[in-house]
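Trainee: Single-letter residue listing:
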Amino acid sequence: MIEWRWEFTWEILPRLLEGTLYTLLAAGIGYLIALVVGLVFALLQRTPSRVLSRVVREIVEFIRSTPLVLQIFFVFYVGPQFGVSLSPWTSGMIAIGLHYAAYLSEVYRAALDGVPKGQWEACTALNLSPRQTYRDIVLPQALPIALPGMGNYLVGIFKDTPMLSVIGVAELMHTATAIGSNSYRYLEPYTIVGLIFLLISLPTAFGLRRLEAWVRLRLGMTRQG
Amino acid sequence: MVSSPAADASAANNSAEGSSTAGAALPMVRFEKVTKRYGSLTVLDSLDLDVEANEIVSIIGPSGSGKTTVLRMLMTLEEIDEGVIWVDGEPLTHMRRNGGDLVRANRAHLRRARANIGMVFQHFNLFPHMTALGNCIEAPIQVLGMPKAEAVARAEDLLEMVGLADKMHQHPSRLSGGQQQRVAIARALAMRPKVMLFDEVTSALDPEVIGEVLNVIRKLAEEESLTMLMVTHQMGFAKEISDRVCFFYGGQIAEQGPPDKLFSNPENPRTQQFLSAVLEAG
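Line order of the protein sequences matches chains A and B. First residue of the first sequence? That's 1 in the numbering used here, and the numbers climb one at a time after it. First residue of the second sequence? That's 1 in the numbering used here, and the numbers climb one at a time after it.
Everything labelled a hint here was simulated from the structure, so no lab data went into it.
Taking lysine-lysine pairs in the BS3-like style, the calculated list, with each CA pair at most 30 Å apart, reads:
{"#": "1", "chain 1": "B", "residue 1": "K219", "chain 2": "B", "residue 2": "K194"}
{"#": "2", "chain 1": "B", "residue 1": "K194", "chain 2": "B", "residue 2": "K148"}
{"#": "3", "chain 1": "B", "residue 1": "K33", "chain 2": "B", "residue 2": "K261"}
{"#": "4", "chain 1": "B", "residue 1": "K261", "chain 2": "B", "residue 2": "K239"}
{"#": "5", "chain 1": "B", "residue 1": "K239", "chain 2": "B", "residue 2": "K194"}
{"#": "6", "chain 1": "B", "residue 1": "K219", "chain 2": "B", "residue 2": "K261"}
{"#": "7", "chain 1": "B", "residue 1": "K194", "chain 2": "A", "residue 2": "K117"}
{"#": "8", "chain 1": "A", "residue 1": "K117", "chain 2": "B", "residue 2": "K148"}
{"#": "9", "chain 1": "A", "residue 1": "K117", "chain 2": "B", "residue 2": "K33"}
What the simulated footprint calls covered on chain A by chain B, stretch by stretch (three residues with Cβ under 8 Å from a Cβ of chain B suffice, anywhere in the stretch; the number is not a length):
{"#": "10", "stretch": "120-134"}
{"#": "11", "stretch": "137-149"}
Because the structure is a prediction, the values reported are computed rather than measured. The C-beta atom is built at its ideal place from N, Cα and C for all residues, glycine as well.
All chains should be built: construct the whole structure from the sequences, respecting the hints.
Mentor: This is how it looks when you write it as structure tokens:
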């Protein structure tokens, strides 16, 4: 029977907290990439060019239909064979960012489709440019629709960052595994990793729900009669 | 088929505009052999229609007769399949290539050409995340480049005109249907259109608030120099306010004329049938 050692726990905690910072950094950067690229994916699928929207659609489908870990390996190990050598961090950010961009583009797409057709027509009738239409009318109304999905994927990308450890990104999971293989004790590091994820995920999810309510209120969207 | 063009109205309009067209006295709106199809269904069949400046034309007819399509094409919400639409002497659906032949309008041309047209919709289509005032200043600031203070002052006047000065800072969700539709009228007017399109603007309203919206339109007809095209089911109102009524049937104008004539003494059996059915229903 293996027992929990507090002394060991305190000893490894600083390293794990440092790893947590890198996990948060990885999730943050990856999510930012996903937010922006996902929007580009979604908007490109709405362009008048059939070819372009079709190509983007296929890319999104391809990314969503293959495992994230494969995509991470692909960028990191296959890239160099085509002369693209990237660091673990860069490869990881590209892979996880694009992966979640594909998912977020679907969230955006549904949200944009959720803005009534009459809103677009009113914009045409008032002669707003496509840019003004998106910026002032469509995106502000799509945002409350998209927020729950966007929040889910924020928690999702955070929980998927351990996959970056497979190519040696020194995030929380990687740190815990390194501690384990040095000390032959896995109970404490992995338990703490689990607790840290829980301690971050739960308040984030709660905060996101508050944010959703606040945005709805802010935009005066207490349901139109 | 086309009603006689009121030459004096066109001339007045042309001189006001500095006569951009080469001599030709065109009406404010002209549909020239316009055809619109949805798949195999022909919604409008080689339609010719002229509307003079400051003329108020009501479009009536059974559903599916193409009446709303007329307005939607004029607002460039729908593309036409054949023909040309002219607004204020300039082609709307087309543009001149090197000053000569007409070719299909590109987006830039459409944006320029439709600036003369405003539209009020059956379902209001107000921007729900903006107040009544916000709805009325958005396009003047963004599209016309009006300074905010000027846009606000003008929007306040317009909201006052439609009787909603006290609701200026409310979001649409806080307004009744009739109030929302009056905001929508103010919003369209804020863009200073020459032509206003009203697409069944009272059809989604509760009976008790229809009057307040019609009153606003009545006021516009009396006080503003606007060309108005109205698709409506309010026969009494159409009769009262219109200079001319067009009865649409099967994608064409089956009959048109002054309201007194068309309502009391229709010639086409289709018109007679439609009017007796509508008037019976009440």
